[in-house]
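Undergrad: Sequence:
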Amino acid sequence: MTRRISLRLAAGLVLVAVSACGHNTAAPMPAGSTTTGMLPPGVPTEGQRPAANGLPSAAEPQKAPAPPNAPPGRLIPVGNTPEGVMVDALTRTVAVACHDPDQLVLLNADSGAITGRIPLPGRVRHLQLAAPGGPVLVPVESADSLVRVDLPQGPAQAPIRTGTEPHDAAQASNGTVFVANELGGTVTAVRGEHIVKVFTDSVQPAGTAAVGTSMGVLDVRKNDLTIYDAQRLTIVGSTPAGVGPTHLVADRHGRMIATDTRGNAVRVFTPLPQPREVASVAQPGGPYGIAYDATRDRLWVASSGTNEVVGYDMSDPTPRAVQRLATVQNPYTLGVDSATGRLFVAGVSAGVVQVIDGAP
Numbered sequence: 001m002t003r004r005i006s007l008r009l010a011a012g013l014v015l016v017a018v019s020a021c022g023h024n025t026a027a028p029m030p031a032g033s034t035t036t037g038m039l040p041p042g043v044p045t046e047g048q049r050p051a052a053n054g055l056p057s058a059a060e061p062q063k064a065p066a067p068p069n070a071p072p073g074r075l076i077p078v079g080n081t082p083e084g085v086m087v088d089a090l091t092r093t094v095a096v097a098c099h100d101p102d103q104l105v106l107l108n109a110d111s112g113a114i115t116g117r118i119p120l121p122g123r124v125r126h127l128q129l130a131a132p133g134g135p136v137l138v139p140v141e142s143a144d145s146l147v148r149v150d151l152p153q154g155p156a157q158a159p160i161r162t163g164t165e166p167h168d169a170a171q172a173s174n175g176t177v178f179v180a181n182e183l184g185g186t187v188t189a190v191r192g193e194h195i196v197k198v199f200t201d202s203v204q205p206a207g208t209a210a211v212g213t214s215m216g217v218l219d220v221r222k223n224d225l226t227i228y229d230a231q232r233l234t235i236v237g238s239t240p241a242g243v244g245p246t247h248l249v250a251d252r253h254g255r256m257i258a259t260d261t262r263g264n265a266v267r268v269f270t271p272l273p274q275p276r277e278v279a280s281v282a283q284p285g286g287p288y289g290i291a292y293d294a295t296r297d298r299l300w301v302a303s304s305g306t307n308e309v310v311g312y313d314m315s316d317p318t319p320r321a322v323q324r325l326a327t328v329q330n331p332y333t334l335g336v337d338s339a340t341g342r343l344f345v346a347g348v349s350a351g352v353v354q355v356i357d358g359a360p
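Numbering (this note's numbering), first residue to last: 1 to 360.
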């Protein structure tokens, strides 16, 4: 996670343009005792930032060598350093975040053809689908903003400044979007175009996922999972999440599943009445990218250091490995088409998306 800090030098230039065209145009409050990042003025806050001294650094994906053999499936060149994949089964659209230039590349989920390129105001590394049919939630790290992109062809809506370096975002069932502002130590709740609450109980929030109105956010310095109530806009509670969690998804059973990248494990949690870990399974190689197919109840987790993706049956709380597939080099993010079971794996080193026919 620390590899993004150097990008802040250029972020100030981007912020000038973003604040001029976004909805959240008021000057941010300076960092206070509860956070290291900006706070929007006039918005209620909750939580006290814990001391960060002595906490471990955030876990990072491993770096794998190029595979000796050609991986299975099709390889589609999309642009530089693709990282961030979203698949919408309803509109048959795949969205991939690429850099230099910063853009959202759109592909047809069936043919793999590139159908559009939408410019973005800065660097993006994670994407989520707000709801079937869109929009895509695009946290723009170097612009301190959330951008929503309509499907299947855009446009990109005006940016909303949410906090310092938003890394991930997810939408609860009531429409509230939670944005994890990783380098600001805040989690922002957005309804419509307006910020309605800022939670300041984090050190470095990152992976985010929703089960109904329960919103889970991983803190990659505290190494825990915090649950927020998206209806009441309150903190529910926290639980340990391994020794280096990074990313989070939810399954159809109401569970949340995290990649413990430093701990080489996949961990399963129930969010209510208080979050707790209910199962785990070892996965070597720095598990990092994660996606879930609700139709097949299939979890997919990519090992960043071994160029492999593992498919798990999630009918029980403990993940059961049922498939292993070779991938392109450094598969940091992936998405799955719930209509076909097809996988879309972003190869950050080769600038490609690997398309694999996955679970039947």
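Hints are not guaranteed to be accurate.
Restraint-style ranges between C-beta atoms, simulated for each label pair [stated by the list, open to error]: (1) Arg320 - Pro273: 42 to 52 Å; (2) Thr239 - Gly212: 16 to 26 Å; (3) Pro240 - Asn53: 39 to 49 Å; (4) Gln153 - Arg252: 25 to 35 Å; (5) Ala282 - Arg74: 29 to 39 Å.
I should point out that these hints are in silico values taken from the structure, not numbers from a laboratory.
As the structure is a computational prediction, the values presented were derived from the model and not from experiment.
We put the beta carbon where it would ideally sit given N, CA and C, even for glycine.
Undergrad: Which constraints among the numbered hints does this structure fail? Numbers only, ascending.
TA: 1 and 3
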